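Q: Going down the list, the sequences are from chains A and B. The opening position of the first sequence corresponds to residue 1 in the working numbering, with each subsequent residue numbered one higher. The opening position of the second sequence corresponds to residue 1 in the working numbering, with each subsequent residue numbered one higher.
FYI, nobody ran anything at the bench for these hints, they're computed from the structure. Since the structure is predicted, the reported quantities are computational estimates derived from the model, not experimental observations. All C-beta atoms, glycine included, are put in the ideal place defined by N, C-alpha and C. Some hints could be false.
[To be verified] Simulated coverage check for chain B against chain A, where a stretch passes if three residues somewhere in it have a Cβ under 8 Å from a Cβ of chain A: (1) 244 to 252; (2) 346 to 358.
[As the list claims (entries may be wrong)] Pair by pair, the computed Cβ-Cβ distance ranges are: (3) B:E132 / A:D50: 39 to 47 Å; (4) B:A149 / A:F34: 53 to 61 Å; (5) A:P81 / B:A149: 46 to 54 Å; (6) B:W221 / A:N166: 49 to 57 Å; (7) B:E132 / A:L205: 36 to 44 Å; (8) A:D24 / B:V35: 35 to 43 Å; (9) B:K152 / A:R164: 29 to 37 Å; (10) A:P81 / B:V200: 52 to 60 Å; (11) B:G58 / A:N166: 30 to 38 Å.
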Amino acid sequence: MRNKILPLVLGAALGVAATAAHADTLSDVKAKGFLQCGANTGLLGFGSPDDKGEWKGFDVDFCRAIATAVFNDPTKVKFTPLTAKERFTALQSGEVDVLVRNTTWTLSRDSQMGLIFAGVNYYDGQGFMVRKSLGISSALELSGASVCVQTGTTTELNLADYFRTNGMQFNPVVFEKSDEVVQAYDAGRCDAFTTDASGLYAERLKLTNPADHMVLPEIISKEPLGPVVRQGDDKWLTIVKWTHYVMLDAEEAGVTSKNVDEMKSSANPDIKRILGTEGAFGEPLGLTNDFGYNIIKAVGNYGEVFDRNIGPDTPLGISRGLNALWTKGGLQYGMPVR
Amino acid sequence: MALQQDIDDAPRSGSLLYDPRVRGIFFQTVLIVLVVFFIYEAASNAIQNLQRQNIASGFGFFETTAGFSISQHLISYSPTSTYGRAFIVGLLNTLLVAAIGIFLATIIGFVVGIARLSSNWLISRLAAAYVEVIRNVPLLLQLLFWYFAVLKSLPSPRDSVDLGLGAYLNIRGLVVPRPVFGPGSMLFDVAVVVAIVAIVVIHRWARKRQMATGQQFPVFWTGLALIIGLPLIGLALAGFPVTFDMPELKGFNFVGGTTLEPEFVALLLGLTLYTASFIAEIVRAGIKAVSHGQTEAANALGLRGGYTLRLVVVPQAMRVIIPPLTNQYLNLTKNSSLAVAIGYPDLVSVFAGTVLNQTGQAVEVIFITMLVYLTISLITSSLMNWFNLRMALVER
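Bound conformation, chain A alone (with noise of 0.2 Å):
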């Protein structure tokens, strides 16, 4: 028996050995010389892999200009694919280091989960896709049709308050994951689809015959999707809102990837500023002063970002609406960098 415990004291002993004190993201990055991003399964133009494994999309390119501001290499970043259940989790835990997969930013989220938002980088709002035969044109007409929606996300409880709110009964269809969701909807299980305004035009791509589905024309509710970090990291923090902020101001001066080199040799303050000739803004950030020459060299604005993946010549057709640049009526606002 003498021979059994001592070994069982030790192995107690170390399992409750404090757990070392989390070192703050940035050094973490730094150490393992690449990001590590949480990421979609698979949405069309915001995160999915290609059809040679390379991610790409509007978040993943985001993803990449942290990675460019850290490293000044967009291809230093690796892409877990989390499902809505377990992406809170994963970034939680410290298996991610940020979460770029239009998340919405929530009270709860916020202040519940340990997390933070950095930023709203894609203004939308949740939406339906029926059947044109259906012959319905408005929302209001769905009492008493099935829904399918992904579980666990806001998408499920804003369809509850707004049938609730209108008086309409409907039968919710919920599956974990989206592909499952596009899936039963195509099948005929459900009668109408819903999620982002985003994410219905990507996934309309995905339907046998998209040209027989309709998105209906109203918007219940606000869907502000942006990262999320760790809280109590704040240097991590205002690392990827800067980035945004960076992307935004760059596009609001004209700086563009095609010309950001002669842009670099201007006279305005204001760019010089962005592109880091002058002033020392990267170095109090944890990051060298160029920074921002980095991002727009190798990822673009904001706007480059948008038109790329989903924007207008784009197979989802996106058009910039409410994240058009403030100047030009929009909501997207970057931080000015002085």
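Fit chain B to the supplied structure of chain A, relying on the hints for placement.
A: For chain B alone, coordinates are given in the frame of chain A:
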């Protein structure tokens, strides 16, 4: 002469230290204290870390409004109900699928297992093919197959298949008329209870009579007549206060009646057929374990094949069948958690899926889910153990 027992019992000097009983108790106490300490430390460490990271902890979320809808609920539920109620809805859905699944899987498993031992070449080969195919394909694939195979073959609500008697079959499910019991139908409930009690009593009495005199009594048919006849008489006496809620096609789908949703059917079908294939093999093993001498002796006494199986072989085979059968029941209950892949709102889908995501409290939710499955499994195994004890051969 000193016996070994006297030497063992006699205390030596410094006796307490060398007394084997005291040593045993001491070390076991130390072990218990260490285990409890370890669990306590792990739990408080987890709570501390959660609080440090500002993640909400505690079980207060059970009182918060859920805000989401659940398609199938055995008790009343609406988006304004609490998370606690959503938990119970999910739990009841899991128990429903598990109970019906266990019942059907046992029946099908026994039939297929015995069929595989049949002397009819075609039947035994068919049973063997069924077992080999179903056993070797992963359950998730089978569930997806049943769901999409079942779905794609059904028509949309506007072209429903009319099954007569007010029942319709379409892609949204099987919708049947629902009986609504009006006032005065208490007699119906009373009649059902009386019928059940009467059947049990008659069964016991018929057994005793058969033991004493050897005369058989048609218990099965009498029981059937009672369970159908008595409630009908009860209803007739009350003047048939039953109205039927007939389903009608309004807009998108049928309104009224009860719907059996395709998710539930697909899950039940997949789980039942999968587990039945395993149970078939267990039954076959159990029957083969009974010595062939028993069958020969029964045949020598004049018992035909079916009677031999029912009265002689299977009761003895049950001793071998029941422990692995318990395993399969537990497997079926836990496999029902795959329901989330086909959209059936069971415990894992509702609680460890939606509630976990909305509240963000992964540790508490997963812990409770594991506890629930553990409890269900323990109850199932203890019931089966009690059943096993009853089946045990009384030895001298």
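Q: For each hint, tell me whether it holds in the structure or not.
A: Hints and how they fare:
1. 244 to 252: Satisfied; 3 residues make the cut.
2. 346 to 358: Answer holds; 6 residues pass the 8 Å Cβ test.
3. B:E132 / A:D50: 39 to 47 Å: At 40 Å between Cβs, range holds.
4. B:A149 / A:F34: 53 to 61 Å: violated (43 Å)
5. A:P81 / B:A149: 46 to 54 Å: violated (28 Å)
6. B:W221 / A:N166: 49 to 57 Å: For W221 of chain B and N166 of chain A the Cβ distance comes to about 56 Å; the hint holds.
7. B:E132 / A:L205: 36 to 44 Å: holds (41 Å)
8. A:D24 / B:V35: 35 to 43 Å: The hint (35 to 43 Å, Cβ to Cβ) holds, given that D24 of chain A and V35 of chain B are roughly 36 Å apart.
9. B:K152 / A:R164: 29 to 37 Å: For K152 of chain B and R164 of chain A the Cβ distance comes to about 32 Å; the hint holds.
10. A:P81 / B:V200: 52 to 60 Å: holds (57 Å)
11. B:G58 / A:N166: 30 to 38 Å: holds (35 Å)
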